[in-house]
Amino acid sequence: MTGRIRASWRSVALMGPAAAVLGFLFLLPLVWFLVVSFYRVQLFQMIPDASLANYTKVLADYAGPIAFTAAIAAAIAAITTVLAFVVAHMIWARGGAFGAFLLGATLLTLFGGYLVKIYAWRTILGREGVINSTLVGLGLVKQPIDALLYSPTAVVLVLVSYLLPFAILPLYGALRAVDPVSIEAARDLGATPAGVLRDAVLPLCVPALATSFALCFLLTAGDFVTPRLVGGTQTFMMGNFIESQFGLRMNVPLGAAMTFTTLVTSVCVIGAAWAGLRHFLRAK
Amino acid sequence: MRKILSTAFGLAIVAFMLAPLALVVLFSFGKSALMTFPMTGLTLDWYRALLSRDDFAGALANSLIITGTVGLVATAIGTLAAMFIARLRPARSATAIFLFGLPMMMPPLVLALAILSLFAMVGVKLSLVTVILAHLTFTMPFVILIVSARLRDFNPAMVDSARDLGAGPWTVFRTVTFPIIRPTLFGAALIAMSLSLDDFVITFFLIGGGNTLPTLVWGMLRTGIDPSINALGTLIVTFTVGAAALALWLTRQRA
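So the protein lines, in turn, are chains R and V. According to the working numbering, the first sequence is numbered sequentially starting from 1. According to the working numbering, the second sequence is numbered sequentially starting from 1001.
Calculated from the structure, these hints are not laboratory results. The reader is advised that the hints may include incorrect statements.
As the list claims (entries may be wrong) - Which bits of chain V does chain R cover? Going by a derived footprint, with three or more residues having C-beta under 8 Å, they are:
1. 1008-1022
2. 1122-1136
3. 1152-1164
4. 1171-1182
5. 1210-1218
Stated by the list, open to error - With the Cβ distance kept under 10 Å, some of the chain V side facing chain R (calculated, not the full set):
6. F1027
7. I1065
8. T1069
9. L1072
10. A1076
11. I1077
12. M1106
13. P1108
14. L1109
15. V1110
16. A1114
17. I1144
18. V1237
19. A1244
All C-beta atoms, glycine included, are put in the ideal place defined by N, C-alpha and C.
Pulled out of the complex, with its shape left as it was, chain R reads as follows:
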């Protein structure tokens, strides 16, 4: 009996601090934020309420931006996941020095320089930037191309570059867990390399593909820095609208309702993507 009590005290001592961080600094703030999304604002004061007015307003006024954000996030997540799978597969299948080099480059770019990377792209894509000055210098174009920067394409380019390492690592982890015996077996039974990939490898990677897609989608849907710095005036995403509710406009309940509407939309798209992956990549 005392042994069990001591054991449970030990679990509390070990898990207590981490559980407190997760509970008080993650779950509780999110629950409170959800509660606030039903409040209303009067003369810049939050009034407790249980009204759906914020959500009605979000659906009426921001359906366009939400759809745009979901579309661009889905495009970015899909492109990143596909490219990342190709790279992860290369690291796994090629191995050796080249595989180690790819893995090392991925791990190093994973950490560090979120803001630095975004503003660097601004100088790469800008009117006086590296690409334009090189193109003009080589005489390939007469005038610098303005459309490189401040467009949805720039947002896609920058975020794919930023998110690639985040997507490569889970996919590489999944590939490493693939049993080489099953690959050998498929090969011995006469499967072509494409057949092995389709029938033996990809079905096992579905959870990792879904994780990569989800991570890229969520980070894009909640980003306000990239659209602000390289998106220009035509690329306002939900992150920008949400952020502005906490700056100039100061309407926290509306901002909270925007956040949860965006999150629910994201979860729906991610769920659909996962179901699609499971359907098309199932083992035959």
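Mind docking chain V on chain R? Use the hints.
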């Protein structure tokens, strides 16, 4: 032919991921104020300009305080949790890892605004402390992941034999477990520090007043073209990528 194509593709992707960082570092030493090729010469002027700014020392000090505290606290708390999680049955430990990993999936903007509104309701004043608390949420999962992975492939017989020889739990930890996992702990702490140092979004909303290195970058971006921003970017990238590289080397020693 296929192999050449695949190598070319791999190199292109690496260039695509690395180019922005490489250019910032390169142009931080470039003479011209414009980031264009060909470069006209090398200089350290932008670093001198950065050091002579009034707000640089404060931002550096804040970043060091936040990063150091987050590294220590996240590693301590995360390691305790990992010691518990590593001993759970596989299904339960997977659930625990998923639950503690949720903050990694949450966009930093959402995390920042939710914590901000809770702090506003409770009446907590924004300061470096609020930034540190918020940073714990997304750095701790990385520590838990790294340390519990290490603990799981560690020979439990060593702990059992120490215990059979009469060592208490604290003695076992101090004399057996800790020396073995020490490189992993340093690695995990460095990863947590690298994530904390690089964070812009959460810091931006929760610091109240003052700057860290990334929020100083943001401020400089709004004042127009200032090449010393490349020098500052290079500092951030050197710290974060350097810490991560060291961490990878430390945690790989065992393999």
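Now for the hints, and whether the structure bears them out:
{"no.": "1", "hint": "1008-1022", "result": "holds (count 10)"}
{"no.": "2", "hint": "1122-1136", "result": "holds (count 3)"}
{"no.": "3", "hint": "1152-1164", "result": "violated (count 0)"}
{"no.": "4", "hint": "1171-1182", "result": "violated (count 0)"}
{"no.": "5", "hint": "1210-1218", "result": "holds (count 3)"}
{"no.": "6", "hint": "F1027", "result": "8 Å, holds"}
{"no.": "7", "hint": "I1065", "result": "19 Å, violated"}
{"no.": "8", "hint": "T1069", "result": "14 Å, violated"}
{"no.": "9", "hint": "L1072", "result": "13 Å, violated"}
{"no.": "10", "hint": "A1076", "result": "8 Å, holds"}
{"no.": "11", "hint": "I1077", "result": "4 Å, holds"}
{"no.": "12", "hint": "M1106", "result": "7 Å, holds"}
{"no.": "13", "hint": "P1108", "result": "7 Å, holds"}
{"no.": "14", "hint": "L1109", "result": "5 Å, holds"}
{"no.": "15", "hint": "V1110", "result": "5 Å, holds"}
{"no.": "16", "hint": "A1114", "result": "4 Å, holds"}
{"no.": "17", "hint": "I1144", "result": "7 Å, holds"}
{"no.": "18", "hint": "V1237", "result": "5 Å, holds"}
{"no.": "19", "hint": "A1244", "result": "4 Å, holds"}
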